[in-house]
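S.K.: In order, the protein sequences belong to chains A and B. So for the first sequence, the numbering used here puts the first residue at -18; every next one is plus one. So for the second sequence, the numbering used here puts the first residue at -18; every next one is plus one.
The reader is advised that the hints may include incorrect statements.
You can't tell identical chains apart in this list, so a pair holds if it fits in one copy or across any two.
[What the hints assert, rightly or not] Simulated crosslink set (DSS-like; lysine-lysine; CA at most 25 Å straight-line):
hint: 1; residue 1: 9; residue 2: 147
hint: 2; residue 1: 183; residue 2: 263
hint: 3; residue 1: 263; residue 2: 133
hint: 4; residue 1: 180; residue 2: 263
For the record, the hints were derived by calculation from the structure and aren't laboratory data. Note that the structure is predicted; figures quoted are calculated from it, not measured.
There are 2 protein chains.
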Amino acid sequence: MAKIVQCIPNFSEGCNQETINALVEAGKSVGGVTLLDHSSDTSHNRSVFTLVGDPQGIAEVAFKLCKLASEKIDMTKHKGEHPRMGATDVIPFVPIQEVSVSECVEISKLVAKRIWEELKIPSFLYEYSASNPGRQNLANVRKGQFEGMPEKLLLEEWAPDYGERKIHPTAGIIAIGARPPLIAFNVNLGTSDLQIANKIAKTIRGAAGGYKYCKAIGVMLEDRNIAQVSMNMVNFEGTPIYRVFEAIRFEAERWGVPIIGSELIGLSPAKALIDTAEYYLKMENFDYHKQVLENHLL
Amino acid sequence: MAKIVQCIPNFSEGCNQETINALVEAGKSVGGVTLLDHSSDTSHNRSVFTLVGDPQGIAEVAFKLCKLASEKIDMTKHKGEHPRMGATDVIPFVPIQEVSVSECVEISKLVAKRIWEELKIPSFLYEYSASNPGRQNLANVRKGQFEGMPEKLLLEEWAPDYGERKIHPTAGIIAIGARPPLIAFNVNLGTSDLQIANKIAKTIRGAAGGYKYCKAIGVMLEDRNIAQVSMNMVNFEGTPIYRVFEAIRFEAERWGVPIIGSELIGLSPAKALIDTAEYYLKMENFDYHKQVLENHLL
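Chain A extracted, bound-state conformation (with noise of 0.2 Å):
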């Protein structure tokens, strides 16, 4: 099995077809990497692109991107409704196949070390390569947005991890780090009544005192009038999807509420639906990477 890593460039730009199309161009230039998806959104003006490759080649699209991002986008012209900070605005790696959180961490750095070097932009690193705990989070580190951020450097403890004390002119900052896959998985309850949602959410939110890598809100399905427990599930190691869809049918029987289905939205890794039925099938000794056949044409 080859060695797989998943990066996810968020770029400040959503409207202008032609930079997007350049970004695309760019996604497609670097053998060993696949842009499986890219969607762009008006009303945030932020494209999010998905890419795998080799740690190679996956390091090597990013900094392109990026360069390409910083050549395109001017964010002192930047308007949209999503919290951003600069044109190339996050980039996670996550580990898919034969490759550790640590080796995505080291990639990350390796990525920020270049960007600051060639392009003059400075980031912060995220997640996993976070250089101490409040930089773990991503709303923590871009708060101020790109406006803030020039007086936000100046902060003792909001130097960036790479690069001085100041934002590229138009190119801004850039959060940089590894993440587990994130999962986003959501269970429809025969309810109409949203507060039934939110209460089973906070039961299994680690925030609130439930699974450790599980975000949880409630939601309206209004087409439907049923309610739904969505979740992003940030590390399905940690806290498997079974586990929090058996923890939310417990909690809704206190209600006399059932389940009526759940979704996956986007991608999912393999291995997280199929420990899910290794689950519900009670199996003994099963070897994921032996057993799956898939496995062995990887």
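Guided by the hints, dock chain B onto chain A, whose structure is given.
M.R.: Structure of chain B alone, referenced to chain A:
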């Protein structure tokens, strides 16, 4: 995604290490084909190879292995417990990815034709490739074995699909065909009563009125003193593994017996397990091909 076909040829040699090594070398000699596994059994005097590759490569390696086996193995001297009729005894082709069963039927016919034309070894087409329903079942086709074949081939209904009505003097005759992936899946019961496992097996196996693509028997795990329902799932799209698991659960309840575990023997396609997760999580609108990350890497 590339086209991938699996081939699991069985050879009538499980003792002579020189012959086995030569077959292993041949199994590794075709570009685009990977020898995933091979195992030899001395009491069966038989070896089973598992290969995967693109359609052209897999057809080439099947022919090469068959040619080598015909040079190395003399069926007039073969003894072993397992029923057999040829030096290469059976060649199944299994669709794994982006390949249909009917493409595998075509491959099986091309290989059978070439084996006759170049090696003068006749063959029967079986399973999905069978030319009539009486040839679908391998046991039917092989009945009489190597020693009885000269006589069998003279019966009106048993002309080979390729070749004349006589076996190759030392290599015999081969069964060649396409079949879906086979999953060996066993469910362990919380009882030492083999009768209960046998009764449950009878309710779920296709031959006795149960699920069409499930073969099941009760067996005793002597070392653990528990009974097991041992299954071959011969078409997991037609009869999914979660369905027989749940059926075993409700049949076992009648006897007050719990399921205490299950085991997968050998390899399974990822989809068989992910279908299981989809069922238990009640997933809505799930798209296996698009939403499983690894499907974009293959």
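S.K.: Each hint: holds or not?
M.R.: Hint check results:
no.: 1; hint: 9 with 147; verdict: neither (32 Å within a copy, 58 Å between copies)
no.: 2; hint: 183 with 263; verdict: between (29 Å within a copy, 22 Å between copies)
no.: 3; hint: 263 with 133; verdict: neither (52 Å within a copy, 47 Å between copies)
no.: 4; hint: 180 with 263; verdict: between (30 Å within a copy, 22 Å between copies)
Taken one by one, the earlier hints fail for this structure at numbers 1, 3, listed in ascending order.
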